[in-house]
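**Q** Residue-level listing of the chains:
Number of protein chains: 2
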Amino acid sequence: MKLAEFSPFFNCKLKNFLDELHISKPFKDVVSYTPLAGGKRLRAYLIWELSRYTGFGEENALKAGIAVELFHSGSLIHDDLPAIDNDTIRRGLPSSHIKFGESKAILAGDFLMLFPGRVFSSLDLETRYIHPILELWQETSLKVVEGEFDDVFPEDESREQMERIHAAKTGALFGFCFAAPFIREKREKIDEMYKLGVRFGKLYQMMDDIKDVISTESELGKTPGKDGKQNKLTILSFESLEEAQIEVKESFHSILGEIDSFTDLKKEMRDIYYLIARR
Amino acid sequence: MKLAEFSPFFNCKLKNFLDELHISKPFKDVVSYTPLAGGKRLRAYLIWELSRYTGFGEENALKAGIAVELFHSGSLIHDDLPAIDNDTIRRGLPSSHIKFGESKAILAGDFLMLFPGRVFSSLDLETRYIHPILELWQETSLKVVEGEFDDVFPEDESREQMERIHAAKTGALFGFCFAAPFIREKREKIDEMYKLGVRFGKLYQMMDDIKDVISTESELGKTPGKDGKQNKLTILSFESLEEAQIEVKESFHSILGEIDSFTDLKKEMRDIYYLIARR
Chain A
1 MKLAEFSPFF NCKLKNFLDE LHISKPFKDV VSYTPLAGGK RLRAYLIWEL
51 SRYTGFGEEN ALKAGIAVEL FHSGSLIHDD LPAIDNDTIR RGLPSSHIKF
101 GESKAILAGD FLMLFPGRVF SSLDLETRYI HPILELWQET SLKVVEGEFD
151 DVFPEDESRE QMERIHAAKT GALFGFCFAA PFIREKREKI DEMYKLGVRF
201 GKLYQMMDDI KDVISTESEL GKTPGKDGKQ NKLTILSFES LEEAQIEVKE
251 SFHSILGEID SFTDLKKEMR DIYYLIARR
Chain B
1 MKLAEFSPFF NCKLKNFLDE LHISKPFKDV VSYTPLAGGK RLRAYLIWEL
51 SRYTGFGEEN ALKAGIAVEL FHSGSLIHDD LPAIDNDTIR RGLPSSHIKF
101 GESKAILAGD FLMLFPGRVF SSLDLETRYI HPILELWQET SLKVVEGEFD
151 DVFPEDESRE QMERIHAAKT GALFGFCFAA PFIREKREKI DEMYKLGVRF
201 GKLYQMMDDI KDVISTESEL GKTPGKDGKQ NKLTILSFES LEEAQIEVKE
251 SFHSILGEID SFTDLKKEMR DIYYLIARR
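Protein chains in written order, with full-length UniProt numbering: chain A, 1 to 279; chain B, 1 to 279.
Okay, chain A solo, but in the shape it has when bound:
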């Protein structure tokens, strides 16, 4: 399935999932708003596509994709808060705290970040694989928060620091998406896929940072040019735009080389690359 077909299919599943949550109507409205506001669903798609090669199962892949997208939304809600990135637009709509107020946004973010644990607990897997996938998830979710903290308050301004921060705040979640479908395989395979996902996440972050300086608000769906204003470490703190664009291309082709055996995903990757670059 191509990403363009997967997204509407996934959105429908996500909406059903959120509709069935047993929480009060006012809370559900806030909790559902950001996850349903759109997004490419790239993380969920990667789990879905890679699961076809591993027997992880379609239902598990969908549930895991939902969990990852919920966590990602929760983390974006907190990042957008006035005290952190102060973003008033997200996915082309008012950010959660603009729409509902800060207090509701904070608590919805908490809920969305905690909820995935429950989803992973409920996967249809042999009991002996539930514990490993939960551990992988716990490491990942903590890494994202840690990376976000270090992104806002870096210990130093080195390139190594930037690499560490991007590997955590963006890479970890992609690492999880690459690795989760392989949870029933050997530890080495899981680790190998996780590392590949982290590399993909860092590439994604580089492309995002480049777009941040060359896009308009309507192209971006959020306020452009903010990284520079907030003095965040990005690839453009160390390289010219041209150099960064060359690095992105090289990194993309190197990752393509590593997913040679996943033929359908590899075919789709080129489209995904242009989608991320242009979105």
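Hint data in this document are derived by calculation from the structure and do not stem from the laboratory. Among these hints, one or two may not hold up.
For chains that are exact copies, the list does not tell them apart, and a pair is met inside one copy or across any two.
[Stated by the list, open to error] Straight line, CA to CA, 16 Å or less: simulated EDC-like cross-link-like pairs of lysine to aspartate or glutamate:
1. Lys-25 with Asp-156
2. Lys-267 with Asp-191
3. Lys-189 with Asp-124
4. Lys-195 with Glu-139
5. Lys-195 with Glu-258
6. Lys-2 with Glu-268
7. Lys-28 with Glu-155
8. Lys-25 with Glu-155
9. Lys-211 with Glu-5
Because the structure is a prediction, the values reported are computed rather than measured.
Position chain B relative to chain A; hints supplied.
**A** Okay, now just chain B, sitting in the frame of chain A:
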């Protein structure tokens, strides 16, 4: 062990645990501040004491207690934020956002709320009990966030609504503390202990709400009289101070009757009751 002996012993274990976290120094400073700022450690104590009757094990009891206190601290950090309860003092010290700024406080709260999942994954239990304790924890942590949301934005102002909110925002965590040590017993026993913990949590909340109107700031370690100002639903929305104090006493004696078989805990409970009432 009495609570007065347990607290300093637990604080030492908690400090060692936090010192060993693999996160950057600036993040560790924020993450450790609120958990180490004090508190009675009543939740950790209940797990510790009840574990003596179940063979849950001292190491597991300590780790579970640490996890619960970390989550509780993370949840307090978010509750204290200007957008929610706007509390500038917590446990007699400046709240996390006053000490470190809002952005650091939000991310430290996220980390502290997510971290317990990892702790419960690492308990020294037969694999078949790890999944149930994680599920119990996931339900509990989500309930607390949901209860906090409904506390700030109640759907109606009925006594039933207040009971539901207090059972969630305060009761659930005590429910977990009562039930976790029994994780290797039958489902019915676990549920029975959880329910008893929820009742204890509701009692605790009533005592807290009563104190909120009759105490000074130095007695309370936080700003008194805020519930009334914020129009929160408390027992005093429905009963006079005298009526509420009678209900508290009756509820306490009814709970004491239910823990008859835990002789040492029962002995200590009277002191705990006066400690909560007077603190």
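**Q** All hints are to be evaluated individually against the structure, with a verdict given for each.
**A** Results of checking the hints against the structure:
1. Lys-25 with Asp-156: between (45 Å within a copy, 12 Å between copies)
2. Lys-267 with Asp-191: Classified as neither; 24 Å inside a copy, 51 Å across copies.
3. Lys-189 with Asp-124: For Lys-189 and Asp-124, neither the intra-copy (21 Å) nor the inter-copy (26 Å) Cα distance is at most 16 Å.
4. Lys-195 with Glu-139: Within. Shortest intra-copy distance 14 Å satisfies the 16 Å Cα cut-off; inter-copy 31 Å does not.
5. Lys-195 with Glu-258: Within. Shortest intra-copy distance 11 Å satisfies the 16 Å Cα cut-off; inter-copy 52 Å does not.
6. Lys-2 with Glu-268: The answer is within: 6 Å in one copy meets 16 Å, while 63 Å across copies does not.
7. Lys-28 with Glu-155: between (38 Å within a copy, 12 Å between copies)
8. Lys-25 with Glu-155: Between copies only: 9 Å across chains, 42 Å inside a chain, cut-off 16 Å.
9. Lys-211 with Glu-5: neither (25 Å within a copy, 58 Å between copies)
Hint compliance for this structure: hints 2, 3 and 9 are broken, all remaining hints hold.
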